[in-house]
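Per the working numbering, the sequence shown starts with residue 61, numbered consecutively.
Watch out, some of these pointers could steer you wrong.
Unchecked claim - Derived Cβ-Cβ restraints for the label pairs, each shown as a range:
#1 Val82 <-> Gly238: 21 to 27 Å
#2 Asp172 <-> Thr95: 30 to 36 Å
#3 Gln222 <-> Glu119: 27 to 33 Å
#4 Val233 <-> Ala114: 37 to 43 Å
#5 Asp220 <-> Pro83: 56 to 62 Å
#6 Ala137 <-> Asn180: 16 to 22 Å
#7 Ala92 <-> Pro189: 38 to 44 Å
#8 Leu126 <-> Gly192: 28 to 34 Å
#9 Asp234 <-> Val82: 41 to 47 Å
#10 Pro118 <-> Glu139: 38 to 44 Å
#11 Gln222 <-> Ser144: 19 to 25 Å
#12 Glu119 <-> Leu231: 39 to 45 Å
Simulated from the structure, these hints should not be mistaken for lab results.
Note that the Cβ used here is the ideal one computed from N, Cα and C, for glycine as well.
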Amino acid sequence: QIASAVFRPGTPGAAYFSVEGVPATVNAGASAPLTVRVDAGGAEGCYFALLDIASNDPETPLATVLLTLAIACEPVAPEAPAFSLPGQTFSGSLTVALATTTEGAAIVFTTDGSLPSAVNGQVYTGPIPLTGSTQIRAATVVPGQAAAVATETYVRLAPDLQGYASELPILVVDNLGGG
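Just need the whole structure built from these sequences, with the hints factored in.
Here is the structure:
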C-alpha cells in the first residue's frame with residue numbers, strides 16, 4: 061500500500077509541482093501511474109523537488125524521486141555550504157546553522173557519516189541542535205550539477221574536561237558513536 065506521496069519541504073522547486081492520482085494500493089511487483097503536474101507560473105530558472113513516496117512495505121518503506129524543472133536555465137556550479145561554527149569541542153549543547161550563496165540551491169545534510177545528495181539526507185530548514193558528538197556533512201544541491209560538500213565535526217566533552225588545561229598536548233578520540 062502507498063501511505064503517501066508528498067513533496068519534501070525545503071526543496072526550491074516544490075511549489076511548482078503537484079501530484080495527483082496516487083493509488084491507494086499497488087500489488088507487489090505491479091506498477092501504477094500517478095500524475096505529476098508542473099506550473100511554473102512564468103518563472104524561469106533551474107528548480108528541483110524531491111517527491112517522497114511512502115509505502116507500508118517494510119522492504120522499501122520510502123522511495124524518493126528527483127524532479128527537475130529547467131526553463132531558460134543556466135546551471136551554476138554550487139559552492140559548498142558555510143557552517144556558522146567551525147568544527148570544535150563543546151560541553152552542554154551547541155547549535156549549528158548552514159548557509160549557501162548559490163541561488164536556487166537547497167542544502168541537504170547528514171549526521172550519520174554518509175554523503176549527502178539530492179536523494180540522501182535531510183533538507184536543511186533551520187539550525188541544527190547538537191547534544192552529542194556529531195559529524196555534519198552538508199551539500200549544496202543544484203539540478204544538473206555535482207553537489208558541493210563540506211564537513212565539520214563537533215566533539216562533546218564531559219563537563220569536567222571543558223576547562224582542563226595542560227602544558228602537554230591533549231588528544232581527544234571520539235568515534236562518533238561508531239562502536
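Here's how the hints hold up against the structure:
1. Val82 <-> Gly238: 21 to 27 Å: violated, 39 Å
2. Asp172 <-> Thr95: 30 to 36 Å: 34 Å Cβ-Cβ, so the 30 to 36 Å window holds.
3. Gln222 <-> Glu119: 27 to 33 Å: violated, 46 Å
4. Val233 <-> Ala114: 37 to 43 Å: holds, 39 Å
5. Asp220 <-> Pro83: 56 to 62 Å: Taking Cβ atoms as reference, Asp220 and Pro83 lie about 58 Å apart, which means the hint holds.
6. Ala137 <-> Asn180: 16 to 22 Å: holds, 20 Å
7. Ala92 <-> Pro189: 38 to 44 Å: holds, 40 Å
8. Leu126 <-> Gly192: 28 to 34 Å: holds, 31 Å
9. Asp234 <-> Val82: 41 to 47 Å: Cβ of Asp234 to Cβ of Val82: about 44 Å, so the range 41 to 47 Å holds.
10. Pro118 <-> Glu139: 38 to 44 Å: holds, 39 Å
11. Gln222 <-> Ser144: 19 to 25 Å: holds, 20 Å
12. Glu119 <-> Leu231: 39 to 45 Å: holds, 44 Å
Of the numbered hints given earlier, the model fails hints 1 and 3; all others are met.
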